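A.B. asks: Sequence:
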Amino acid sequence: MNFAKIKWYDISNGPGVRVSLYVSGCRNHCKNCFNPETWDFAYGDPFTKKVENQIIKGLEPSYIKGFSLLGGDPFEPENAEVLAPFLERLRKACPDKSIWCYTGYDYERDLLTGNKGDIDTVMRILNCLDVLVDGKFVEEKKDLNLLFRGSSNQRIILVKPSLETDEVVLWDEQTIV
9 MNFAKIKWYD ISNGPGVRVS LYVSGCRNHC KNCFNPETWD FAYGDPFTKK
59 VENQIIKGLE PSYIKGFSLL GGDPFEPENA EVLAPFLERL RKACPDKSIW
109 CYTGYDYERD LLTGNKGDID TVMRILNCLD VLVDGKFVEE KKDLNLLFRG
159 SSNQRIILVK PSLETDEVVL WDEQTIV
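Numbering-wise (my numbering), the sequence shown opens with residue 9 and increments by one.
It cannot be assumed that every hint is accurate.
[Said to hold, decoys possible] Distance ranges between label pairs, derived from CB positions:
no.: 1; residue 1: E148; residue 2: S70; range: 17 to 27 Å
no.: 2; residue 1: E96; residue 2: V25; range: 16 to 26 Å
no.: 3; residue 1: D104; residue 2: P44; range: 30 to 40 Å
[Claimed, not checked] Capping the alpha-carbon separation at 20 Å, the derived lysine-lysine pairs in PhoX-like fashion look like this:
no.: 4; residue 1: K39; residue 2: K150
no.: 5; residue 1: K58; residue 2: K13
no.: 6; residue 1: K39; residue 2: K100
no.: 7; residue 1: K65; residue 2: K105
no.: 8; residue 1: K15; residue 2: K105
no.: 9; residue 1: K149; residue 2: K39
no.: 10; residue 1: K100; residue 2: K58
no.: 11; residue 1: K13; residue 2: K65
no.: 12; residue 1: K58; residue 2: K15
no.: 13; residue 1: K65; residue 2: K100
no.: 14; residue 1: K168; residue 2: K100
no.: 15; residue 1: K105; residue 2: K168
no.: 16; residue 1: K100; residue 2: K57
no.: 17; residue 1: K13; residue 2: K57
no.: 18; residue 1: K144; residue 2: K39
no.: 19; residue 1: K65; residue 2: K15
These are computed hints drawn from the structure, not numbers from a lab.
What you are looking at is a predicted structure, and each value in this text was computed from that prediction instead of being measured.
Using N, Cα and C, we set each Cβ at its ideal position, and we do this for glycine too.
When you get a sec, could you build the whole thing from the sequences and use the hints?
C.D. replies: Quick look at the structure:
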């Protein structure tokens, strides 16, 4: 797996100051995507143990509230296979940090059904996440007033309660995650 960039002090992709990893590779190709270079799976640099270690080290300061995973798309099977063990490692190393993930795929239709890759790998990732922002970016539904998402069709899902209740539980500004 390759990655496009790491933002060490990101305030756009989840609450508080975060470390954000942009993975390479996406088949969604949303119209007017803000990262079209990340559609290419070969774009950027290899995601290595050294990079993993740098991310975990970058999450150490108390003012860093969490980790955000974007792309490209983390749930592309080629990416998910690498990210599942990394996220499990990150969750153990940084249990007090929130983990947010962005995907162009639909939580119920694509991820929970196994329509997007190996269901065991997808579930390993979901079990590490606090929040999932799902859905393709839709230019016609773009809204600059939305928090942490680009278009109104995208949802901010609290993953753990959603998995526990088998119903989508949405995040709101009062929820601290």
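A.B. asks: Checking one constraint from the list: CA of K144 to CA of K39, max 20 Å. Satisfied?
C.D. replies: holds (9 Å)
A.B. asks: For the pair supplied as a hint, K65 and K100, is the alpha-carbon distance within the 20 Å limit?
C.D. replies: holds (13 Å)
A.B. asks: Falls inside 17 to 27 Å, the C-beta gap from E148 to S70?
C.D. replies: The hinted range 17 to 27 Å is violated for E148 and S70, with Cβ atoms some 41 Å apart.
A.B. asks: I want to verify a distance hint. Is the separation of the beta carbons of D104 and P44 within 30 to 40 Å?
C.D. replies: 35 Å Cβ-Cβ, so the 30 to 40 Å window holds.
A.B. asks: Would you mind confirming whether the straight-line C-alpha gap from K105 to K168 stays at or under 20 Å?
C.D. replies: Roughly 15 Å between the alpha carbons, so the hint for K105 and K168 holds.
A.B. asks: Check the hint pairing K168 with K100 against an upper bound of 20 Å on the C-alpha distance.
C.D. replies: Roughly 16 Å separates the two Cα atoms, so the pair holds.
A.B. asks: When you check the alpha-carbon spacing of K58 and K15, does it fall within 20 Å?
C.D. replies: holds (16 Å)
A.B. asks: For the pair supplied as a hint, K65 and K105, confirm whether the alpha-carbon distance does not exceed 20 Å.
C.D. replies: holds (12 Å)
A.B. asks: For K100 and K57, compute the direct alpha-carbon distance and say whether it is at most 20 Å.
C.D. replies: holds (16 Å)
A.B. asks: Under the criterion that the straight-line Cα-Cα distance not exceed 20 Å, is the pair K65, K15 satisfied?
C.D. replies: holds (13 Å)
A.B. asks: Take a quick look at whether K39 and K100 sit within 20 Å of each other, Cα to Cα.
C.D. replies: violated (37 Å)
A.B. asks: For the pair supplied as a hint, K39 and K150, confirm whether the alpha-carbon distance does not exceed 20 Å.
C.D. replies: holds (11 Å)
Comparing the model with each earlier hint shows violations of hints 1 and 6; every other hint is respected.
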